[in-house]
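Asker: Keeping the supplied structure of chain F fixed, place chain R upon it in accordance with the hints.
Number of protein chains: 2
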Amino acid sequence: MTRYKIILAYDGTNFAGFQRQPGQRTVEQALTKAVNKMAKDPATPIVIYGAGRTDAGVHAFGQVVHFDLPTAINPEGVRRGLNSLLPVDMLVKKVEVVPLDFHARYDTVGKRYWYRAYQNEFVDPFKRNYTGHFKFTADIERIQQAIPALIGKHDFTTFVASGSQAHDHVREIYSAKAWALADGEIQFEFCGSGFLYNQVRIMVAVLMEIGQGRRTVDCIPQLIAAKNRAQARGTAPASGLYMKKVYYDRAELQSDLNSY
Amino acid sequence: MTRYKIILAYDGTNFAGFQRQPGQRTVEQALTKAVNKMAKDPATPIVIYGAGRTDAGVHAFGQVVHFDLPTAINPEGVRRGLNSLLPVDMLVKKVEVVPLDFHARYDTVGKRYWYRAYQNEFVDPFKRNYTGHFKFTADIERIQQAIPALIGKHDFTTFVASGSQAHDHVREIYSAKAWALADGEIQFEFCGSGFLYNQVRIMVAVLMEIGQGRRTVDCIPQLIAAKNRAQARGTAPASGLYMKKVYYDRAELQSDLNSY
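Protein chains in written order, with the UniProt record's numbering: chain F, 1 to 260; chain R, 1 to 260.
Here chain F stands alone, though its shape is the one from the complex:
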């Protein structure tokens, strides 16, 4: 038996999220189908394990998945084989053989998410599936003043959606940044130990409200202290969120944190 770790990109627009659901087109279902087709042994079905679930419409540049093949195939053969079998909105970017105790979900030491927010009166046809649309203009300087308060180890109960199965809401955010593009798009990047269900989208919604002047620049410490989801309210649209990178190695994580 050989364990493979793959890095997967997908355009989330036409998927009902990562997790398998009966009668729905999901990333897990499409990848499971391709892996089993490649393995050519219907008698021993292969199960795949993802680093994290993404919701419907959420994109990935660097989702990580592991699975075991009973008969070893070289990594390059796995990459090409899967890419030939997968639909065009999914792409295997990298394949490695890993030790049999590697686990895509439980071995993570950090995750990096990217969010694209586009501010305009009407939706831009070319951004509609790839950004979250906001009708009101946000001031990037207000957002940049507010965002460092999210960094550190906090109980993020205020920033977790009601569907969360996590018991412990303490997470550590290593870096949180926002910047504006010339066309009015605002981009966010968050790197942390892990994120709660919808946490990034709820943080972006709060930050955009701060930028729009609907919340004070210094409101984040009180929001965190409140431990009350009702105080954060909004959730930024799924279409702007990208799972950018999953870390399994502390040295690589540290190196990225130093260089970003």
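Think of the hints as simulated: they come from the structure by calculation, not from any bench. Check the hints yourself; a few may be wrong.
In this list, chains with the same sequence are indistinguishable; a pair is considered to hold if it fits within one copy or across any two.
To be verified - Pairs of lysine to aspartate or glutamate, DMTMM-like flavour, derived with a Cα cap of 25 Å:
1. Lys244 x Asp183
2. Lys135 x Glu96
3. Lys127 x Glu189
4. Lys135 x Asp183
5. Lys93 x Asp124
6. Lys127 x Asp183
7. Lys135 x Asp107
8. Lys37 x Glu76
9. Lys37 x Glu121
10. Lys93 x Glu121
11. Lys244 x Glu28
12. Lys227 x Asp183
13. Lys127 x Glu76
14. Lys244 x Glu185
Answerer: Leaving out everything else, chain R in the frame of chain F:
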């Protein structure tokens, strides 16, 4: 009666092209529906006229359309009204009142097209609808050496698709450029008096073949002289083509040609 000129952007992915076709979702059909809904007078149907047809999958940043409204509405009201009624993959960027003898199709003095070619073994999920996919790597320097031979007034019979209704195949190309991005994407921009059916896509296919070493760098003058479509063969995918700008004013055209 008031004549309006609008600048229209659309993501061509989910349209069966510009031109109205029974039972198909087209740009002309969607815009005609929105204009007539805005005008609120079913007794006098309003017809729209586009600067040029785009094929299924082809995008536009700057398609131009004119139509007449029996009762004048201020241009900003037309822009907001249409954007509220149009589907999310279309956007009216600008509205102007123009003289009643303005014609979006017959008054053009130039057009600018942009083409995005992406070279990779497998299709990239985020580029699949927005670039033309090429399996084999092209050398940008070979393309840049070959492309100036397209500039000037030529009979482009070799570069016209068989469905063309044009009798005269002489067109003038004012500028033709190609450059490479860091990720392997090659972009092309062509500005000319007008372009024949599929002309830009056929020129890109030839240029990519030159870049891939399947044609000589100096083949273009012979291809033009041959006046024979069979010698050009390929047509680059529709998904990489963008109608960028339509010119009605020679001074503006000249100014853009000087500054690009």
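Asker: Give a verdict on every hint.
Answerer: Against the structure, the hints come out as follows:
Taking the closest pair of Cα atoms, Lys244 and Asp183 come within 25 Å of each other both inside a single copy (22 Å) and across two copies (17 Å). When the C-alpha separation of Lys135 and Glu96 is checked against a cutoff of 25 Å, the pair qualifies only between copies, where the shortest distance is 24 Å, while the shortest distance within a copy is 43 Å. When the C-alpha separation of Lys127 and Glu189 is checked against a cutoff of 25 Å, the pair qualifies both within a copy, at 18 Å, and between copies, at 22 Å. Within a single copy, Lys135 and Asp183 get their C-alpha atoms as close as 14 Å, which meets the 25 Å cut-off; across copies the closest is 32 Å, which misses it.
In the homo-oligomer, the alpha carbons of Lys93 and Asp124 lie at most 25 Å apart only across protomers (10 Å), although the nearest pairing inside one protomer, at 29 Å, exceeds that limit. Proximity of Lys127 and Asp183 under a CA criterion of 25 Å is satisfied in both settings, with 12 Å inside one chain copy and 20 Å between copies. Proximity of Lys135 to Asp107 under the C-alpha cut-off of 25 Å is found in neither arrangement, the shortest distances being 40 Å within a copy and 36 Å between copies. In the homo-oligomer, the alpha carbons of Lys37 and Glu76 lie at most 25 Å apart inside one protomer (17 Å), although the nearest pairing across protomers, at 55 Å, exceeds that limit.
In this assembly of identical chains, Lys37 and Glu121 lie within 25 Å of each other by CA distance solely across copies; the values are 21 Å between and 46 Å within a copy. For a Cα distance limit of 25 Å, the shortest separation of Lys93 from Glu121 across copies, 11 Å, qualifies, whereas the shortest one inside one copy, 36 Å, does not. Only within a single protomer do Lys244 and Glu28 lie at most 25 Å apart by alpha-carbon distance; the minimum there is 18 Å, versus 38 Å between protomers. In the homo-oligomer, the alpha carbons of Lys227 and Asp183 never lie at most 25 Å apart, since the shortest distance is 36 Å inside one protomer and 43 Å across protomers.
Taking the shortest Cα distances, Lys127 and Glu76 sit within 25 Å of each other only across copies (23 Å), while inside one copy they are farther apart (33 Å). In the homo-oligomer, the alpha carbons of Lys244 and Glu185 lie at most 25 Å apart both inside one protomer (18 Å) and across protomers (21 Å), since each shortest distance falls under that limit.
In terms of the numbered hints stated before, the structure departs from hints 7, 12, listed from lowest to highest.
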